[in-house]
Each structure stands twice: as structure tokens, then as C-alpha cells.
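Colleague: So you can see what is in the structure, the chains are spelled out below.
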Amino acid sequence: MNEQSLPSRTLERAVGELAKLPGIGRKSAIRLALHILAKGPEFGLSLAESIHSLATETKQCQRCHNISESDICQICADERRDSTRICVVEDVRDVLAIENTGQFKGYYHVLGGVINPMAGVGPQDLYVADLPERVEKTGCEEVIVALPATAEGDTTAFYVYKKLKHLPITISALARGVAIGEELEYADEITLGRSILNRVPFENSLKI
Amino acid sequence: MQIVSDVTLKSLALLNFKNWEELHLSFSPVVNCFIGPNGVGKTNILDSIHFLCTTKSFLSTTDIQCIRFGADYFFIKGEFDRIGNLEVIQVSLKKSEKKVLKRNDSNYQRLSEHIGLLPVIVISPQDTNLIYEGSDERRKTLDLALSLSDGLYLHNLQRYNRLLQQRNAYLKEADTSGRVQHDILTLYDEQMDPFASYIYNARNSFLAAADQYLSRFYYTISSAREHCSIRYQSDLADNNLAALLAQSRQKDRELLYTTRGVHKDDLEMYINGQPLKKFGSQGQQKSFLIALKLAIYAVIKEQTGLSPILLFDDIFDKLDQKRASQVIRLVQEMKFGQIFLSDTHPERVKMLTQQTGSHSKFFMLDEHQKITHHEA
Ligand SMILES: Nc1ncnc2c1ncn2[C@@H]1O[C@H](COP(=O)(O)OP(=O)(O)O)[C@@H](O)[C@H]1O
Ligand SMILES: [Mg+2]
Ligand SMILES: [Zn+2]
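Line order of the protein sequences matches chains A and B. Those letters in the first sequence? Residues 1 to 208, per UniProt numbering, in order. Those letters in the second sequence? Residues 1 to 376, per UniProt numbering, in order.
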């Protein structure tokens, strides 16, 4: 495939920047850039401005490392939440996903990644060192480790567990089981096996 | 004797798979023979069946190499009967895209979920690699057999391998940065340990079970009463992995990789107590390999209750007329499943299937890839 050269250098630059985004190739970048152009200057400026403030004004919450506009994020600032529970997640997207369930009212701790030496990520690159102290100081009684069920997620969960296990708290992990709406026959054996090992009292299974 | 198999391939369709531009075949549930001169594509048909069952070629071809020269995709579709249920499996690959695998029109999220649904065993001239190549060839064969017979094995193996890669990456990184955090290495040692134990126990009991069949099958094939055995070699025979890795940590840090573990396992083959590679004649080696493959077949059948599909490539490469019919008879006595075999000469194949008197289908392939078929 030979790259077609674009008729304008400003366009070329915008396409180059857009193509750096995950999941966006050069073709899509050209389509997006032309779309922005076609929509007119107001649209483009508003987009540019929002990206500008995203880059300059958002901070990271000093307590949980979620994204925030101030030193402490909205979740951490909300005193009505349950201070006895902290949920440890990989990144900000997981906070959003768990918030959307409406099932968790405690606080979060965003690690900012998982341990992955092949990608050059070690524990020192994650926000894990401050977690034990945070747990001790805030009267937390339970830490829920909600990390991906991958080799890297499990390794990181184990690392977090080791850092916390001397504390007088409960450390729990997400239940892993058959997806709702899934036919048992099509569930993979590992998941199905786990679901049988970690079966729950029937009354609990009725809760929605 | 009529065999009712638990897993049978009823029909096969190929598009642009290796030398086949387009091919549609339907099969006998018992014996199917592909007959034709060298190079017409017999092995490639068997390979496409292997592909449907395992998502991979049994030859050392990469997925891309399976696309017919000049084409930009391949497609394989098979209709299987599995314990009375129709299973339609499709595999396709477009150049520069991911391989797609479908079961009854729904995509698999992970290819590994498919492994084990349709057990298969290949016996081919390539099996001599098990004797002459390195231990990874032997582990590959063993791992496939275990993946077909134990639903958790492949997952545990993949986890172990991933953690191993991470541990090795960490050893290299710690060397470059000049500082090692021992708690990170311990973390990997402890994470890998339960997977290693699982793999060790699974390999150990599988090979012990296969060993039970070996001498008997060898005798049926060769009429010779040699004592054949296989022995499993593993670091884990001495100790658990976490302890082994703790012992070898210094060495691992110097060599920058994990020197012990189930990724170093091997399978040793003996005839009358002597290593097969050094002391087996060519004939003995060939008979041994067939006996080994059939023993693996028998263990998969024993453990899953399903008769795998047997792919027997170039059957007379390893066997003369008398022995070939003994093998087929053994296969039928054991109530093995559906057989696909290939050979260059119609006469000897016909004699073979006449002797066994089973319901067979013959596919005669000519140089122009035209196929005529008839049943007996
Ligand atoms: N990707 C491919 N495209 C076209 N032809 C191929 C491809 N891969 C292998 N072949 C051809 O297939 C032929 C070998 O077929 P094979 O099944 O081994 O024959 P047989 O087993 O009947 O002797 C060779 O001529 C080889 O060139
Ligand atoms: Mg061949
Ligand atoms: Zn916060």
C-alpha cells in the first residue's frame, strides 16, 4: 500500500496526530480530519479547546489516582460513601464500569496498570506503595481486588495481596463465573469449573 | 464390523487451502482412503481436517502458508457428528487479518476454547521428528494430546508459559537496570508453582497410562515381542517448582532465563531398555512411533469417552501389507473411530479394506486434482 500524500501540510499534521490514537489508522485519521474540516471552524475549535483543557486542567486524585479536576476527586470527596471498603482497579475505565453497576458504594484505588515486565511495567510504576498506609489510616475493613483475570492481572492481585495481608482486614476478589444469559454448554470449562467451586447459596443467586 | 464413532466428519469443503482451489467431499463414518500420486494434495486434505479439530496444521506450516499461492484467503468448513449432534466448524484466514473460527455460526472468542471438542490423532512420516528433533517436538505432541483430553490443561499451560515469559523478561530487565527485586521473582515463582504442578501431574499420569498400551500395540504392529516403554523426565519429579526456582535463582540471574521447570520436560523412548534413537532399527522406530500414537489415541479415548478421528498419512510408508492390515484390525478391535488414510497405490489400499470388510470410501486423485470416488 502506498501512502497517498495530502494536499495540505496542516491537514497532513492533523492526520499524523489523529493516527497516533489507539485503534485509528491513517485511513480513519484522514476521514476524521476531513469530517472536522467539513463541520466548520466552530466545531473544530470546540474540539481543540476540549482537548486543550483535558491536557492542561485535569489532575489526578491524590488519594485514589482517579482523574479529577481538583486534588481530591468527586468520589473521594463524597463523604456519604462507605469508608470501610476500597476497591482496587487497574485504570479509570474500571472505575466507570463499576460505578455504572450501582452496586458499590465504597472508595477506589486506581493502580494505573498491572505488573507486566514484557511491557516494561514493574510495581514501581503503579500506585501500590501508598495503598497499605491508606488502608490503615482510613478505617478500611475490606479491600476488593478487581483486576483482570489475565496472567498479569492475577500476578498484580497477588502482589497487592502480599502488601496487605499483614493488616487486620478482609481481602476479597471478584467472583468469576458463568455470564448471565450464557448457555452452560457454551461456557468455557475453566469458567464453568470456577462457578461450581465458588457456588453460592440459592437465595443469593435470586438477587438482581 | 461396523463402527459407530462418537466423532465423525461427515463432509468437508475447502476454498484456497494449500493446493486446493475448491473441494467438496462427503465421507464414510468408517474408513476413507485418499489415493493418488505424490504431490496431488492428499496430505493437504488430511491437514485441513486437523486444522478444523485443532485450529492448526500438523505440518510445520504457518497459517499464512496454508493460503493457496496467489489467493488472499483460505476457508475450511466441516460438518461433524459429535455424539449425535451436528457441529458445523468453519475456519478462515484472510491475509493480514486474524484467523476466524466458528462453531455453528457463532465465533469463538478464544481459539483455545475449541480444542478438545473434536479429538484427532495424526500418524505421519513426520513422526520421526519425535525421535530426531529436540524435546520441544515431544512436548508439543504431548501438549496437544493432553489439551484434547483435559479441558483445563491448555489454559493452565498457557498461563504457565505467559508467567514464564514475564519472569524471563524480568530477569533481563533486572540485569539491564542493575537492580533485582527479589520479591518480584518470588512473586513469579509462587504464581507459576500451582500451574507447574498441574501440568506435571497431568503429563505424568497421561504418559503412565500410554505406557500401559505400548508394548501390546507394538506387538500387534510388528509381531515382535520387544519391550517398549516411555519415561517422563521432569525437574518436578524432585521438588515443587517454587522450591526449584528458589534454588536456581542465582543461576537464572546469570543466564537471564528460567533454567528449570516443566518447560524443560522431556519424554524418553526405550526399546528393550535401550534408547530408541540409538538402538532402534529403522523398522523398529517406525513401529514404535505408530504404537506410541495409537497409545495416545487409546488414552484420549479412555479419558474423554470419545473416539478421536484418526488421520493416517502415507500408511505404507511405515508398514508393509500384512502389518498395515494388522494395524487396521487393531484399530477396529479397539473400537477406534473414523479413519482417514492416504497412499499412492490403489491395489494395496483396496486389499487392506477388503480384509477388514468395513464400509470404506475411496477418493482417487489424479494430477489434475480431479477426484473420482466409489464405495466398498
Ligand atoms: N499454499 C499453497 N498453495 C498452493 N500449493 C501448495 C501450497 N502449499 C503446498 N502446496 C502444494 O501442495 C503439494 C503437496 O501436496 P501434498 O498434500 O503434500 O501431496 P501428497 O500428500 O498427495 O503427496 C505440493 O505440490 C505443494 O507445492
Ligand atoms: Mg503426502
Ligand atoms: Zn479519588
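Hints may contain errors.
[Said to hold, decoys possible] With a Cα cut of at most 30 Å, we get these calculated DSSO-like pairs of lysine-lysine: (1) K264(B) <-> K172(B); (2) K322(B) <-> K264(B); (3) K350(B) <-> K278(B); (4) K264(B) <-> K56(B); (5) K27(A) <-> K10(B); (6) K94(B) <-> K20(A); (7) K77(B) <-> K98(B); (8) K56(B) <-> K20(A); (9) K10(B) <-> K361(B); (10) K102(B) <-> K77(B); (11) K77(B) <-> K301(B); (12) K39(A) <-> K20(A); (13) K278(B) <-> K264(B); (14) K98(B) <-> K20(A); (15) K39(A) <-> K27(A); (16) K163(A) <-> K172(B); (17) K20(A) <-> K10(B); (18) K251(B) <-> K301(B); (19) K10(B) <-> K102(B); (20) K140(B) <-> K335(B); (21) K172(B) <-> K162(A); (22) K140(B) <-> K350(B); (23) K162(A) <-> K370(B); (24) K99(B) <-> K301(B); (25) K27(A) <-> K105(A); (26) K322(B) <-> K350(B); (27) K94(B) <-> K27(A); (28) K172(B) <-> K140(B); (29) K99(B) <-> K27(A); (30) K251(B) <-> K163(A); (31) K95(B) <-> K370(B); (32) K105(A) <-> K39(A); (33) K370(B) <-> K99(B); (34) K370(B) <-> K94(B); (35) K370(B) <-> K264(B); (36) K27(A) <-> K350(B).
Just so you know, these hints were derived from the structure itself, not from any lab. Note that the structure is a prediction, hence the values are computed from the model and not measured.
Colleague: Now look at each hint and say whether the structure bears it out.
Modeller: Verification of the supplied hints:
The suggested pairing of K264(B) with K172(B) holds, with an alpha-carbon distance near 19 Å, which does not exceed 30 Å. This hinted pair does not check out: K322(B) and K264(B) have alpha carbons roughly 39 Å apart, beyond 30 Å. Taking the CA atoms of K350(B) and K278(B), the gap is about 36 Å. The hint is violated against a cut of 30 Å. As the CA atoms of K264(B) and K56(B) are separated by approximately 23 Å, the hinted pair is consistent with the 30 Å bound.
At roughly 44 Å between alpha-carbon atoms, K27(A) and K10(B) are farther apart than 30 Å, so this suggested pair is violated. The straight-line distance between the Cα atoms of K94(B) and K20(A) is roughly 26 Å, inside the 30 Å bound, and the hint therefore holds. Distance restraint check for K77(B) and K98(B): the Cα-Cα separation of roughly 17 Å lies within the 30 Å cut-off, and the hinted pair is therefore satisfied. This hinted pair does not check out: K56(B) and K20(A) have alpha carbons roughly 34 Å apart, beyond 30 Å.
Among the hinted pairs, K10(B) with K361(B) is consistent with the structure: their alpha-carbon atoms are about 12 Å apart, no more than 30 Å. The suggested pairing of K102(B) with K77(B) holds, with an alpha-carbon distance near 9 Å, which does not exceed 30 Å. The hinted pair formed by K77(B) and K301(B) meets the criterion: a straight-line CA distance of about 25 Å does not exceed 30 Å. As the CA atoms of K39(A) and K20(A) are separated by approximately 22 Å, the hinted pair is consistent with the 30 Å bound.
For the hint pairing K278(B) with K264(B), the CA-to-CA distance comes to about 22 Å; that is within 30 Å, so the pair holds. Among the hinted pairs, K98(B) with K20(A) is consistent with the structure: their alpha-carbon atoms are about 22 Å apart, no more than 30 Å. Proximity of K39(A) to K27(A) is assessed by CA-CA distance (about 19 Å); at most 30 Å being required, the pair is judged to hold. Taking the CA atoms of K163(A) and K172(B), the gap is about 25 Å. The hint holds against a cut of 30 Å.
Proximity of K20(A) to K10(B) is assessed by CA-CA distance (about 49 Å); at most 30 Å being required, the pair is judged violated. Among the hinted pairs, K251(B) with K301(B) is inconsistent with the structure: their alpha-carbon atoms are about 42 Å apart, more than 30 Å. Annotation: proposed proximity of K10(B) to K102(B) holds, straight-line Cα distance about 17 Å (limit 30 Å). Distance hint between K140(B) and K335(B) is fulfilled; the C-alpha atoms sit about 26 Å from each other, no more than 30 Å.
For the proposed pair K172(B) and K162(A), the alpha carbon gap of about 24 Å is at most 30 Å, so the pair holds. As the CA atoms of K140(B) and K350(B) are separated by approximately 34 Å, the hinted pair breaks the 30 Å bound. Simply put, K162(A) and K370(B) have alpha-carbon atoms about 66 Å apart, too far for the 30 Å limit, and the pair is violated. The straight-line distance between the Cα atoms of K99(B) and K301(B) is roughly 29 Å, inside the 30 Å bound, and the hint therefore holds.
For the hint linking K27(A) to K105(A), the alpha-carbon distance of about 43 Å lies beyond 30 Å, and the restraint is violated. A hinted pair counts as satisfied when its Cα atoms are at most 30 Å apart, and K322(B) with K350(B) qualifies at roughly 13 Å. A C-alpha spacing of about 20 Å is found between K94(B) and K27(A), which places the hinted pair at or below 30 Å, so the restraint holds. With a CA separation close to 26 Å, the supplied pair K172(B) and K140(B) stays within the 30 Å bound.
For the hint linking K99(B) to K27(A), the alpha-carbon distance of about 23 Å falls within 30 Å, and the restraint holds. Distance restraint check for K251(B) and K163(A): the Cα-Cα separation of roughly 28 Å lies within the 30 Å cut-off, and the hinted pair is therefore satisfied. About 27 Å separates the Cα atoms of K95(B) and K370(B), which keeps this hinted pair within 30 Å; it holds. Restraint check for K105(A) and K39(A): the C-alpha separation of about 42 Å exceeds 30 Å, so the hint is violated.
Between the alpha carbons of K370(B) and K99(B) the distance comes to roughly 29 Å, so the proposed pair stays at or under 30 Å and holds. Proximity of K370(B) to K94(B) is assessed by CA-CA distance (about 26 Å); at most 30 Å being required, the pair is judged to hold. Between K370(B) and K264(B) the CA atoms are separated by roughly 46 Å; this puts the pair beyond 30 Å, and the hint is violated. Proposed proximity of K27(A) and K350(B) is contradicted: the alpha carbons are some 59 Å apart, above 30 Å.
Comparing the model with each earlier hint shows violations of hints 2, 3, 5, 8, 17, 18, 22, 23, 25, 32, 35 and 36; every other hint is respected.
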